[in-house]
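Colleague: Okay, here's what each chain looks like letter by letter:
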Amino acid sequence: MVSSFYSLPGWFFGYDIALELIFGVITALVAFFSWKIYGLCKERHCRLLGFAFVSISISYFLLAFLNLLAASSQVGGTLITISLKNVIVPSSIWIYAYIFFFLFGLSMLTYLTFKVRDQRLFVLIVSLSMVVVIFSKQAGVAFNFVAAVLLFYVLLFYVDSYKKSKRGKGVLVMLAFLLLFFARISFVFAYLNPLPYVADHIIELIAYGLLLLSLVSTARK
Amino acid sequence: MNRKRTRLEIIRDILVIIREKSGKIKPTHILYKSNLSHNMMEGYLNELITKDFISEQKKERSRTYFITDKGNRFLEKYDMISSFTESFGLG
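One line per chain: the protein sequences are D and X, in this order. Under the numbering used here, read the first sequence as residues 1 to 221, first letter to last. Under the numbering used here, read the second sequence as residues 1 to 91, first letter to last.
I should point out that these hints are in silico values taken from the structure, not numbers from a laboratory. Among the hints, erroneous ones may be present.
Stated by the list, open to error - Ranges between beta-carbon positions, derived for each pair:
{"hint": "1", "chain 1": "X", "residue 1": "Asp69", "chain 2": "D", "residue 2": "Leu195", "range": "54 to 60 Å"}
{"hint": "2", "chain 1": "D", "residue 1": "Gly209", "chain 2": "X", "residue 2": "Asp69", "range": "52 to 58 Å"}
{"hint": "3", "chain 1": "D", "residue 1": "Asp160", "chain 2": "X", "residue 2": "Lys24", "range": "38 to 44 Å"}
{"hint": "4", "chain 1": "D", "residue 1": "Phe135", "chain 2": "X", "residue 2": "Gly43", "range": "42 to 48 Å"}
What the hints assert, rightly or not - Which residues of chain D face chain X? A few of them, derived with a C-beta cut under 10 Å, are:
{"hint": "5", "residue": "Phe13"}
{"hint": "6", "residue": "Leu29"}
{"hint": "7", "residue": "Phe33"}
{"hint": "8", "residue": "Lys36"}
{"hint": "9", "residue": "Ser92"}
{"hint": "10", "residue": "Ile93"}
{"hint": "11", "residue": "Leu112"}
{"hint": "12", "residue": "Thr113"}
{"hint": "13", "residue": "Tyr158"}
{"hint": "14", "residue": "Ser165"}
{"hint": "15", "residue": "Lys169"}
{"hint": "16", "residue": "Leu172"}
{"hint": "17", "residue": "Val173"}
{"hint": "18", "residue": "Leu212"}
{"hint": "19", "residue": "Leu215"}
{"hint": "20", "residue": "Arg220"}
Unchecked claim - With a straight-line cut-off of 27 Å between C-alpha atoms, the simulated DSSO-like cross-links for lysine-lysine are:
{"hint": "21", "chain 1": "X", "residue 1": "Lys33", "chain 2": "D", "residue 2": "Lys42"}
{"hint": "22", "chain 1": "X", "residue 1": "Lys77", "chain 2": "X", "residue 2": "Lys33"}
{"hint": "23", "chain 1": "D", "residue 1": "Lys42", "chain 2": "X", "residue 2": "Lys70"}
{"hint": "24", "chain 1": "X", "residue 1": "Lys77", "chain 2": "D", "residue 2": "Lys164"}
All residues carry an ideal CB built from backbone N, CA and C; glycine is no exception.
Looking at chain D on its own, in the form it has when it is part of the complex (with noise of 0.2 Å):
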């Protein structure tokens, strides 16, 4: 049994929790800008994009500290590896608390992507999702798989929504998940190689400057 979550390169070290808080602050302006625009509108899934931004950017700070938890007594190797299987029992908390915050995340995304008013909907996306992941062998293989299948039900419906509009609004966004959606991919073999961990990062990275300026974009009108 493969008990590896993922590894990253020794040189890597650093870099990607720096990353990893960028990512958190960027999708922490979403969620307070959803907000915001809730504040203003009143329209609940305005509420709710924010919610599930939130959850997304808590599981960043997660990660960034399960980094530094638990690669750092790994600091000097060529390769340092987070597994579920042989870690002290804290450092296993850390990693279900950020599965349990990233899936939440993007199941409140999907649920959005339905526009129906029906909470079961939500709990039967989220429940299917924690469950897949935590009776798996391979759990840190299955986050990442069902993460990546949810990302793409979210990109298809950026997708449809950007052909619907024709005014070219939704297109930063739409690339932003296309790209988050390709990075969680390459997350898929980081158990197996450390270089997709790398490469998801740099990939993310792109994605969540993409959803920067669109926000940018936005706040300035």
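Using the hints, position chain X against chain D.
Modeller: Just chain X now, kept in the frame of chain D:
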């Protein structure tokens, strides 16, 4: 053919109609100018009251609607709200 208006666009249109009438208006004027069915208009007006964008004053058999500060603020920031909801597919 014009595309179907989004919910936010309809809300904006109703608020603009009220504002253009010096901030107070009868429901018949809204119905005439908003291009909505009676049921839809009533639904939107109830929603706008719940959101505190407009207030309702009842006198005997007539009703008058007033735009509130929140309603005016919505109109001021409409471009930003619209841009955000369209970008994130929430429109």
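Colleague: With reference to the structure, classify each hint as holding or not holding.
Modeller: Hints and how they fare:
1. X:Asp69 with D:Leu195: 54 to 60 Å: Given a distance of about 56 Å, which is inside 54 to 60 Å, the answer is holds.
2. D:Gly209 with X:Asp69: 52 to 58 Å: violated, 37 Å
3. D:Asp160 with X:Lys24: 38 to 44 Å: holds, 41 Å
4. D:Phe135 with X:Gly43: 42 to 48 Å: Once the Cβ atoms are compared, 45 Å apart, the range 42 to 48 Å for Gly43 of chain X and Phe135 of chain D holds.
5. Phe13: This interface hint is violated because 34 Å lies over the 10 Å limit.
6. Leu29: This hint is violated: Leu29 of chain D lies away from chain X, its Cβ roughly 12 Å from the closest one there, beyond 10 Å.
7. Phe33: holds, 7 Å
8. Lys36: Status holds, d = 9 Å.
9. Ser92: At 34 Å from the nearest chain X Cβ, Ser92 of chain D fails the 10 Å test, so the hint is violated.
10. Ile93: This hint is violated: Ile93 of chain D lies away from chain X, its Cβ roughly 32 Å from the closest one there, beyond 10 Å.
11. Leu112: holds, 7 Å
12. Thr113: holds, 7 Å
13. Tyr158: Status holds, d = 6 Å.
14. Ser165: It holds, given that the least Cβ distance between Ser165 of chain D and chain X is near 6 Å, below 10 Å.
15. Lys169: Check passed: Cβ of Lys169 of chain D comes within 4 Å of chain X, closer than 10 Å.
16. Leu172: holds, 7 Å
17. Val173: holds, 5 Å
18. Leu212: violated, 12 Å
19. Leu215: Result: holds, 8 Å to nearest chain X Cβ.
20. Arg220: Cβ of Arg220 of chain D sits 8 Å from chain X, so the hint holds.
21. X:Lys33 with D:Lys42: Holds, at about 24 Å.
22. X:Lys77 with X:Lys33: holds, 22 Å
23. D:Lys42 with X:Lys70: Holds, because 10 Å separates the two Cα atoms, which is no more than 27 Å.
24. X:Lys77 with D:Lys164: holds, 24 Å
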